[in-house]
Structure formats: structure tokens, C-alpha cells
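With chain A's structure known, arrange chain B on it following the hints.
Number of protein chains: 2
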Amino acid sequence: MESTNGTATGRAVTLRDVARLAGVSVATASKALNGKQQVRAETRARVVQAAEQLSFSPNTLAQGLITQRSGTVGLLTSDLEGRFSIPILMGAEDAFGSDQTSVFLCDARGDTIRERHHLRALLSRRVDGLIVVGARPDTRPSLGRNLPVPVVYAYSPSDDPADLSLVTDNVDGGRLAVDHLIRCGRRRIAHITGDPGYSAAQDRARGAQARLAEAGLELAGGEVWFGMWSEAWGRGATRLLLDRCPDVDAIFAGSDEIARGVLDVLHEAGRDVPSQVAVIGYDNWTILAANARPPLTTVDMNLEELGRIAAQRLFAAIGGTLGTGVETVPGRLITRESTAPLG
Amino acid sequence: MESTNGTATGRAVTLRDVARLAGVSVATASKALNGKQQVRAETRARVVQAAEQLSFSPNTLAQGLITQRSGTVGLLTSDLEGRFSIPILMGAEDAFGSDQTSVFLCDARGDTIRERHHLRALLSRRVDGLIVVGARPDTRPSLGRNLPVPVVYAYSPSDDPADLSLVTDNVDGGRLAVDHLIRCGRRRIAHITGDPGYSAAQDRARGAQARLAEAGLELAGGEVWFGMWSEAWGRGATRLLLDRCPDVDAIFAGSDEIARGVLDVLHEAGRDVPSQVAVIGYDNWTILAANARPPLTTVDMNLEELGRIAAQRLFAAIGGTLGTGVETVPGRLITRESTAPLG
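Going down the list, the protein sequences come from chains A and B. The first sequence: position 66 = 66 (full-length UniProt numbering), numbered continuously. The second sequence: position 180 = 180 (full-length UniProt numbering), numbered continuously.
In case anyone wonders, no lab produced these hints; they're calculated from the structure. Check before you lean on any hint, since a few could be wrong.
Pairs involving identical chains hold if they fit within one copy or between any two copies, as the list cannot separate such chains.
[Stated by the list, open to error] Below, simulated SDA-like cross-link-like pairs (lysine to any residue); rule was C-alpha separation at most 25 angstroms, straight line: (1) K31 with V171; (2) K31 with I113; (3) K31 with A162; (4) K31 with R120; (5) K31 with R114; (6) K31 with H117; (7) K31 with A95.
Same shape as in the complex, but just chain A (with noise of 0.2 angstroms):
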């Protein structure tokens, strides 16, 4: 039998005893004498019973919960620009609670050594756990199995079946672009996308491609258009197209970089955005987007939601398990005017 007294040892008593004690796991332990709602009454009934057998102290019950948790989750990024691992952060925070959690920032640059080094320091200052955010939604090496704290790997899946990763819907973002031309009642639609080498273009461009084909639709101009991620292929890949293709009524385009190429070369030809042409970006990456001239309709990768997600699947894990493999968060459409129904 356990012993129901842990100060006899002459061990301060710490949340753990008072888990095992209940038959409980230390996260709901926590739970429960935090007073958070998620907990059954019965069950902090017990705990609350196994705090007071063990004279689990409020002040211990602080210094418990510190040994426990130290309010701090590490997110170890590779995004140069910040532009992936800023809302990814910020939905992070939200879902922890900005007054409980602060999520420390590392940038990798996509150096392993650098990567290593940063491992080294957040696991020393006992983050309670890490959000890793690749620069690119591809597969990268896992952190590896043998770390004391849970790892959600965010944006770029990692290569290790066991871990959690958490990324974005790439082909869902594809499709539900399309969709939303096709209910605008375009026909003649063409995809102008960035770097092949990324899955993101592939994705895309497969659920692209699957809503066309359940419209009985082709692609306009016969094919995608990958090329890079920038706004001079958007300008000359539209001048190709017009080229090839002069009655094209809708381009979706891979990116928002790219959409403003696109928009750029159509204002050159005299194209009106959008009665004769609809466009479409993907990234939602405001100062792109809402500056575009007509402001740009765009799928969003509901990265904000990527990072709650990620904060709750390591609030989860902590004194429990974490799940493994790949989830993918879906995208949503935001409509503004560089798309609307034919006239």
C-alpha cells in the first residue's frame, strides 16, 4: 500500500504523491486543485481529499506545481523571417494563457549545430515543453526520442512516425480555392504556383486539380504552372498564359507573391480584376494581400490555430502522453474583391 504519509519520510510531499494517491495523473491532479473546469467532481473531490491526508500545503501545492511546471514552453524556429513562427507563437500564448506561460523564441536558421545549441539552453532553463517550426512545410529530422519534455513539431512535419507533428492542409487550401472560383461561376481556370520541390506547390496544386475534375473541368492552359515564389514568375507566367490561354477567366495563384505578379501583368493587358479575370492568393500575408490593388481574396493557413492547437496537445502531454503522427489544421478562405461572380 502507499504510503499516505509523505512528510514522515522527512520528502517534502509533491504533487505526484498526491496524484498516485488519488489514482489520478499529475496533470489532472493539477487540474483539479487549480480548480480548472475539465475535471470531473468526483474526481477533485479525491484529490482534494488525497491533498489533505498528505498535508499538501497551498505553499506546497505552489512549490508542487513549480517542480511541475515552470510556465514556459520553448519554440525553436528556422522561419528567417518570422513570418510562420510569429502567429504560430501567438496562438501558442493564447491557448497557455498569457499570464501563465511565456514561450521563448530560438531561431535555428535552419543551422543544426545552431538548432543543438538552442536545444541545450531552453532544455536547461526547463521549458516545459517545445513547439518546432520549419521554414517550409516538408519533412525534418526529428529532435529524436529521448528528450525529457514533449515535442509538437509545427508547420514542418517531422521524419519520425513516433513524433507529433501539426501542419497545415496544403491540399484541402488547394481545393477550397478552386471551389470558391468555380462558385463564382468561372470555367476557364489556370494555377500559377511557386518552387515544385515544395510539397506546399504539390499539395495545392493536387487539390486543385481533384476540384476541377469533380466539376468535369481542366486546368486552362493545360497544366500547372510551377515555377518560384515570387512576384516576377507571377508577371511572367501571367504573360505565358494570356499568351496561350487569352480567355482565361480566373488564375488562382500558390501564393500571395505571386498574386501580385499575376494582378500586376492583368492591369498591364488591360484585364479587369475581377469582372474579367478573378484571382486568388494563398498565405493571406496582410501587407501582400490586403495592399493589393484590388485587395487580394486568399486562403489563410490558420496558423494562429496551428499554435493553440500545438499548446494544447503539450499542456495535454505534461504528466500524461502525447500523441503521434501527422495532424493537419485546414485553412480558410478570405474573400475580398480581386474574385466575385461573373456579371
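Chain B in isolation, oriented as in the chain A frame:
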């Protein structure tokens, strides 16, 4: 006389003991024992002798350094997009040495309560120092004089003259931009800029006007066109400007965003850039400047350099003293294709 055998007291010898015996600061003792170049040979010899005298072994040395320095610096930011803070973070890491110091970024989102919470979290992790980065180059409240570690304010200066602040030199930046246009042979130079409530807008305009005055020139259109930090304002102001002052031969835009709007309307009006009108932006925000048509000449604020200097000041302050007042970091001209000498 100082005891020369710390171990006799039963207490572990620390770097502080070595420094005291050698008659140098802790920072100097640390540099001397780590083989850094900044220490004179004579000083180094004295420190090494003191270390030997106290049996300060390499192992004790490592422990001593750990108690002196944690190898982490906190970067508290309120810059939601990470636009200013990420390059400052990168510059600071470069100066510290990426394998020796990790910079932890926390985002306070301009919220005082959140900032206080992150500050406590960073201090409880025993960071060696703090860099506080604001979202705009206007004065911000000091974190106070009683912090246990040195603090450097970057981008936004502290309102307490006893603090050390590093800011970009916007007056000089405005001067740089106009100087370049004058060297390109331009005489009818207009200035379209952002919100007049920002010191950045006022300072850049002041520098521009000072340089014009030196050349015996006045602003084309007779005034600074203050408005908003947006492409839409760049477009609107350029239409007004072309109407009032059709022979303008150069436009200095107060940001790259504004410059994008300026370029857009010049194209629309059939003005060639740069042969008829030269355009220069501010910020060197690559996504906007390098992708513009033509690629945009602009002023770079040297934020990485600012981060490096902040790191050096913090490093010097550990075991020493931190300066006070406001230091300005000059910007530099990035020449691309939107400016050229008059043909």
C-alpha cells in the same frame, strides 16, 4: 590583505575571487581566462597567476563561468510582425557567438501586463541581460532602474535618460536618400511619407529638407506629403502630386510600402522609372523592395548592426557598467534600379 586560498574557507573558489585577487573586473578575468583578444597580455598574465594561486581549476572555471553567465539573453519585443525584432535578434546572436549565447524572444504585443509577465519569466530563467525592442521608433516607458541585469533599449528609446537606448538615425537616413537623388541630378524632389505622429516620419522629413536646403532646393509640391504607412496612400499622394507638380523628377517615399504605391501610379501615368522619375524607398523590406518593378533603391536601417551593438553593450555591462543615453546607428543606401542619373 586578500586571502589567497579560497578553498581554505571551505567555499568553492569563484571567478570573482580570481578577479579580486588580480585587481580586475569579473568580465576582464573571464575574457583573460577564455583567451579573448580584448585583454592586454600583462593583464592576462596577472589573471592566470591569480587563478593558479587560488587553485582555480578548469573545472571550477567552467562552474564559475556558469554562475557568472547563463549564456542567455532575453529579447522583449512588441513588434507583432517580427519585422524589426528578427534582424535585431540575429545581429545580437552573431555578436554573442551563436554557440555561446541563446537569445530568447518573447512577444509582449504592446501590452504592459504581458510585458511584466515575460520580464519575470526571463529574469527567473536568469538571463544575463535584456534587449527591449519597440514596434516604432518613439519613446517608450523604462522598465525601471532596479532590474538585476543590464537592459538595452533598441529601436524605441527609453524615456529614462539613465537607460541606454540604441536607435536608428532617421534624420541621417532622410538626408542619405535625398543626397542620392541630388547626386543623380534630380532637382524637383518630392517627399511622400507616413503618419506625422511617428517620429520616424518627422525625422526622415527633417533630414531630407536639410539636405535639400544645402543644395539650395525646395521640396517639389512645396510641402511634405504626410499620410499613412500604406501602399494606398502612396498611390493617392502620387496622383495629387502629379496633378500639382507634373514636372517632378524624383520621389523619396518614407517607406517601401509607400514606394510600391508610388511606382504603381507612375506606371499608370506612363512615367518611366527611373529615366523620368527616380523613386527611393525606406526600410529595405526585401519582400517589397527587391520584388518591385523596377527593383527599389532604398535606405536600410542596419537593424542587424543595431542588434550587434546592443549585444556588445550588454556583454561589456556584465561585470562592468552600462552606458546611458541614446546612441544612434546610421543607415545605409541600397541601390537598385529605381534610381539612376538623369540621362
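Cross-check of the supplied hints:
Within a single copy, K31 and V171 get their C-alpha atoms no closer than 37 angstroms, and across copies no closer than 54 angstroms, so neither meets the 25 angstroms cut-off. Within a single copy, K31 and I113 get their C-alpha atoms only as close as 38 angstroms, which misses the 25 angstroms cut-off; across copies the closest is 24 angstroms, which meets it. In the homo-oligomer, the alpha carbons of K31 and A162 never lie at most 25 angstroms apart, since the shortest distance is 27 angstroms inside one protomer and 44 angstroms across protomers. In this assembly of identical chains, the alpha carbons of K31 and R120 lie at most 25 angstroms apart only when taken from different copies (23 angstroms versus 29 angstroms within one copy).
Only between protomers do K31 and R114 lie at most 25 angstroms apart by alpha-carbon distance; the minimum there is 23 angstroms, versus 36 angstroms within a single protomer. Proximity of K31 to H117 under the C-alpha cut-off of 25 angstroms is restricted to the inter-copy arrangement: shortest distance 21 angstroms between copies versus 33 angstroms within a copy. In this homomeric assembly, K31 and A95 come within 25 angstroms of each other (Cα to Cα) only inside a single copy, at 15 angstroms, whereas the closest approach across copies is 43 angstroms.
Of the numbered hints listed earlier, those contradicted by the structure are 1 and 3.
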